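Q: One letter stands for each residue in the lines below.
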Amino acid sequence: EAQVTQNPRYLITVTGKKLTVTCSQNMNHEYMSWYRQDPGLGLRQIYYSMNVEVTDKGDVPEGYKVSRKEKRNFPLILESPSPNQTSLYFCASSEAFDRARYEQYFGPGTRLTVT
Amino acid sequence: SQQGEEDPQALSIQEGENATMNCSYKTSINNLQWYRQNSGRGLVHLILIRSNEREKHSGRLRVTLDTSKKSSSLLITASRAADTASYFCATDLTDSWGKLQFGAGTQVVVTP
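From first to last, the protein sequence lines stand for chains H and S.
Under the numbering used here, the first sequence is numbered contiguously, ending at residue 115.
Under the numbering used here, the second sequence is numbered contiguously, ending at residue 1112.
Careful, some of the hints might be misleading.
What the hints assert, rightly or not - Once the Cα atoms are required to be at most 25 Å apart in a straight line, the calculated SDA-like pairs of lysine to any residue come out as:
1. Lys71/H x Val52/H
2. Lys1099/S x Asn7/H
3. Lys1070/S x Tyr102/H
4. Lys1099/S x Tyr102/H
5. Lys71/H x Asn84/H
6. Lys57/H x Leu1048/S
7. Lys1070/S x Glu1055/S
8. Lys65/H x Lys1070/S
9. Lys1070/S x Thr115/H
10. Lys57/H x Asn1030/S
11. Lys17/H x Thr115/H
12. Lys1099/S x Glu79/H
13. Lys1099/S x Lys17/H
14. Lys1099/S x Pro75/H
15. Lys69/H x Asp56/H
Derived from the structure by calculation, the hints contain no laboratory data.
Because the structure is a prediction, the values reported are computed rather than measured.
So here's chain S without its partners, still in its complex pose:
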């Protein structure tokens, strides 16, 4: 089964609203990353958060990590139509050197 699982699977919001998606994982990690994918194209790295960090910001993005709950959240504030994409979390597992495991993704649609 997959290590990272995003929730919700799909999200539809209007421009200006905030979008929040969550990622849960099962085993111990070194870090967790979030990526964005626009309609079948290559993934683009958004943020990396290490296991000893609790929160990171990058522009309109805010990522939190709760290792006790084995979960992370990605918040996109003041969303724009250009934020329409699929968002994936990926985990670097402590017991799997070299492997990066992705979740199934959250599809976000932002309507003008």
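Isolated chain H (complex conformation):
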């Protein structure tokens, strides 16, 4: 089954404790992206990756890191989480960042609480 998986689905952590949220897709997609969703703000893009070893900042990259060493995986790293990073996080992928085909497939989300 074609899917995007995220782990963990729920995480409660404390300020400053490094964490990684994993994202994996089994569709051989070139493009992957991370978003955070906060009430009233919709989804905001954190980082995206056009392909292996190619990453770039979205609209809200501060406090986050990503890496793309393999095509299928795109982990999101919070080196020193703070309470304002409490949010619902989504990973997404698409076949290619091509103007003609662009549908994004979303993971189930990771609800992160930083106390």
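Please build the complex by placing chain S on the supplied structure of chain H, with the hints as guidance.
A: This is chain S only, laid out in the frame that chain H set:
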């Protein structure tokens, strides 16, 4: 500020009625997409409309795009309770390769 803004923020209708929501954006786009989200779950892609298209259909969904007004609308005809969800528009900007910007969404409730 956000690129895409949906209107209304919330919409409550009865089964069988049509639901219309609008999306306005500020700068030039390559395409615009609509997504649906059921209560905190991942988003599901509904329709993509390119900047040179004016209307697209998919089942009970109809999307229009007016680039002169920088706006799009999503119409759900003959709504069902299962259409209860939040709907988001997302824009692919011509001057921001790789970025997709989402609006805050329209929450639709369809009552039996």
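Q: A separate judgement is required for each hint: does it hold in the structure or not?
A: Hints versus structure:
As the CA atoms of Lys71/H and Val52/H are separated by approximately 5 Å, the hinted pair is consistent with the 25 Å bound. Taking the CA atoms of Lys1099/S and Asn7/H, the gap is about 24 Å. The hint holds against a cut of 25 Å. A distance of roughly 20 Å separates the Cα atoms of Lys1070/S and Tyr102/H; the hinted pair therefore holds under the 25 Å criterion. Proximity of Lys1099/S to Tyr102/H is assessed by CA-CA distance (about 11 Å); at most 25 Å being required, the pair is judged to hold.
Between Lys71/H and Asn84/H the alpha-carbon distance is near 30 Å, which puts this suggested pair outside the 25 Å criterion. Using a Cα cut-off of 25 Å, the hinted pair Lys57/H and Leu1048/S holds, with the two alpha carbons roughly 24 Å apart. Proposed proximity of Lys1070/S and Glu1055/S is supported: the alpha carbons are some 14 Å apart, at most 25 Å. Simply put, Lys65/H and Lys1070/S have alpha-carbon atoms about 34 Å apart, too far for the 25 Å limit, and the pair is violated.
For the given pair, Lys1070/S sits about 41 Å from Thr115/H by alpha-carbon distance, which is inconsistent with the 25 Å threshold. The suggested pairing of Lys57/H with Asn1030/S holds, with an alpha-carbon distance near 20 Å, which does not exceed 25 Å. A C-alpha spacing of about 10 Å is found between Lys17/H and Thr115/H, which places the hinted pair at or below 25 Å, so the restraint holds. With a C-alpha separation of about 24 Å, the suggested pairing of Lys1099/S with Glu79/H holds against the 25 Å cut-off.
For the suggested pair Lys1099/S and Lys17/H, the alpha carbons sit about 29 Å apart, so the restraint of at most 25 Å is broken. For the hint linking Lys1099/S to Pro75/H, the alpha-carbon distance of about 18 Å falls within 25 Å, and the restraint holds. Simply put, Lys69/H and Asp56/H have alpha-carbon atoms about 14 Å apart, close enough for the 25 Å limit, and the pair holds.
When held up to the earlier numbered hints, the structure conflicts with 5, 8, 9, 13 and fits the remainder.
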